[in-house]
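Undergrad: The chain contents come next:
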Amino acid sequence: MSQTELIKIDQLNINFGENRVISDVSLSLKRGEITTLIGPNGAGKTTLVKAVLGLLNPSSGTITRNEALRIGYMPQKLHIDTTFPLTVERFLKTAAFSGTDDQLDALRSVKAETLLKQSVHSLSGGEMQRVLLARALLRKPELLVLDEPAQGVDINGQVELYNLIARIRDQYNCAVLMISHDLHLVMAATDQVICLNRHICCSGHPEQVSSDPSYIELFGVPGSENLALYSHHHNHQHNEHGDIVPLAEDQHSNCGGHH
Amino acid sequence: MADFLIFALLGGIGVALVAGPLGSFVVWRRMAYFGDTLAHSALLGIAIGVLFDINFNLAVVSCCVILALILVSLQRQRIVATDTLLGIMAHSSLSLGLVAVALLDDVRVDLMEYLFGDLLAITPTDLLWIYAGGAIVMLLLWRLWNPLLAITINEELAQVEGVPVTRIRLALMLLIGVVIAIAMKVVGILLITSLLIIPAASARRLATSPEQMAIFASLLGVVAVSLGLYASWHLDTPAGPSVVVAALVQFLLLYSLPIRRAA
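Sequence lines, in order, name chains A and B.
Everything in the first sequence is counted per numbering that gives the first Met the number 0, starting at 0 for the first residue and increasing by one.
Everything in the second sequence is counted per numbering that gives the first Met the number 0, starting at 0 for the first residue and increasing by one.
Any given hint might turn out to be false.
Stated by the list, open to error - Interface residues of chain A toward chain B, partial, derived using beta-carbon atoms under 8 Å:
id	residue
1	70
2	80
3	82
4	86
5	93
Rather than coming from a laboratory, the hints here were simulated on the basis of the structure.
All values reported here derive from a predicted model rather than from experimental measurement.
Glycine included, each C-beta is placed from N, C-alpha and C at the ideal position.
With the hints as extra help, turn the sequences into a complete structure.
TA: Printed below as a string of C-alpha cells:
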C-alpha cells in the first residue's frame with residue numbers, strides 16, 4: 000500500500016445468506032481525498048461502508064487498513080431513547096478521552112458551539128448531524144466515514160454541510176468516505192465518485208466523469224429541476240438472478256447505455 | 000426496633016442501591032421484558048440448586064446467565080420476534096421451575112417466599128450476600144460505565160470507536176443476573192423488574208445526565224423500600240408488594256408534578 004493509501008479494498012464480496020449484496024468491489028481511500036458513494040436504494044452502499052468500518056466481515060476478498068487507523072464515523076441516524084438524559088457535552092464525552100477544550104473546538108469546526116449545554120433530545124435534524132460530525136472529529140480521524148450526512152437537513156443547510164465537510168478535510172487532512180443522494184451538491188467537493196449497484200457501475204474523478212456525455216444523462220444538469228431525482232443508467236442490466244448481462248447497444252462510455 | 004426489621008431495612012436498601020443504576024440501563028435499553036424473563040428463570044435456578052445442593056444464589060446467577068446466553072443466540076437466528084421469544088422463555092422457565100420444585104417431594108420449598116419475596120425473613124447471611132454481590136456489581140458498573148453508556152447510545156458507533164460491544168453487553172446481562180439473584184429475597188421473582196424500572200423511570204423526571212438518573216434511582220429506591228417496609232409493619236401488608244406500591248406512588252407523584260425536563 001502506498002503512503003497516502005489508508006484503506007485498500009480488493010475484490011470484496013459480501014453475501015447475506017444466499018443473497019450477494021456486494022459483488023467484486025475494489026477501491027482505495029487516500030489521505031486528503033473525498034470519495035462519494037452513490038447508487039439506488041438497496042445498492043449496498045451502507046453494507047460497503049460497514050465493511051470499511053469493520054462492522055461486517057467480507058464473504059471473500061480483502062480489506063487492508065493502515066495500521067491503527069483512526070476512523071471517525073457518523074451514522075446515518077442516531078436514535079437516542081428519550082428516557083436517556085443526555086446533553087451534547089455528555090454525549091461528546093462518551094466518544095473518547097476529550098477535554099472541554101477539544102469538545103468546543105470540534106463543535107466550533109462544525110459551527111455548533113452554542114449547543115454544548117443543550118439536551119440531545121431538543122436538537123433539530125441539522126443540529127444533530129453537526130453534533131455527530133463533531134463527535135467523529137473528536138477522535139482526530141485519519142478517515143472520516145459519513146453515512147448520508149445531509150439526511151434531514153434542508154437544502155440550504157445541505158450546501159453548507161458539504162462545504163463544511165470539504166473544509167474539515169483540508170483542516171484534518173483526512174480521507175472522507177461518504178454516502179450521498181445529493182449528487183449535484185457533493186460534486187464540487189468530491190475527488191472520486193463511485194456509483195454502486197451491488198458492484199461498481201462506474202467511478203472516477205467528477206470532472207473526468209462530467210466531461211463524458213453520458214454524465215449529463217446519468218446525473219442531470221446541476222441546478223435543473225430534477226435535482227432530487229436522478230435517472231440511473233448502466234452499460235448492463237441484471238437478469239432475475241441478479242447476474243450482470245451486458246447490453247448490446249452499449250458503445251461510447253463506461254457509464255452509458257440503458258437499464 | 001426488632002433485629003429482623005433492621006435486617007429487612009438493610010437488605011432492602013442494599014438492593015435498592017444497586018437496582019438504581021442497573022435499572023436505568025434496563026429503561027434506556029428497553030430491557031424490561033428481558034429482565035422479567037431472567038427473573039422468571041430464577042425459580043428454575045432454585046430448583047437446580049436444591050437438586051444438586053448448590054448455593055441458591057450461585058444457582059440463580061448461573062441460571063440467569065445461561066438463559067441470557069441462550070436468548071442472545073436464539074435472537075440471532077430470528078426464528079420468532081424477540082418479544083415472542085421472551086414471552087416463551089419467561090413463562091416456560093417459570094413453569095419448568097414450578098414443576099421441578101413440585102417434583103422435589105422430599106424438600107419443602109416455600110414458593111410464596113420466592114415468588115413474592117420475604118423481606119422480613121432476611122438473615123445476616125443473606126445480608127452478606129446482598130452487600131458482597133452488590134459491591135461487585137457496583138465495582139464493575141463503575142469500571143464499565145463509559146463503555147456501557149457508549150453501547151447504549153449506539154452499538155455500531157461504539158464498536159467503530161473501539162468498544163468491545165459483545166463483551167460489554169454480556170457483562171450487563173451478568174450484572175442483571177446478579178441483581179436478580181440478590182433482589183429475589185426482597186421483592187420476589189415476580190416483582191423484581193418493578194424494583195429495577197420504577198425508581199429509574201421516576202428518576203428520569205429529575206435527571207439531566209445519565210449519572211444523575213442512576214443516583215436518583217438508587218435514592219428513590221431506598222425511600223420506596225423504607226416506606227414500603229414501614230407500611231408493611233403498620234398495616235400488616237406483605238413487604239415486597241408494599242415496596243412496589245411505594246415506588247409506584249413516587250412515580251405517580253413525580254409525573255404529576257409540573258417539572259420542566261432539562262435534558
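Undergrad: Checked against the structure, which of the hints given earlier come out wrong?
TA: No hint contradicted; all consistent.
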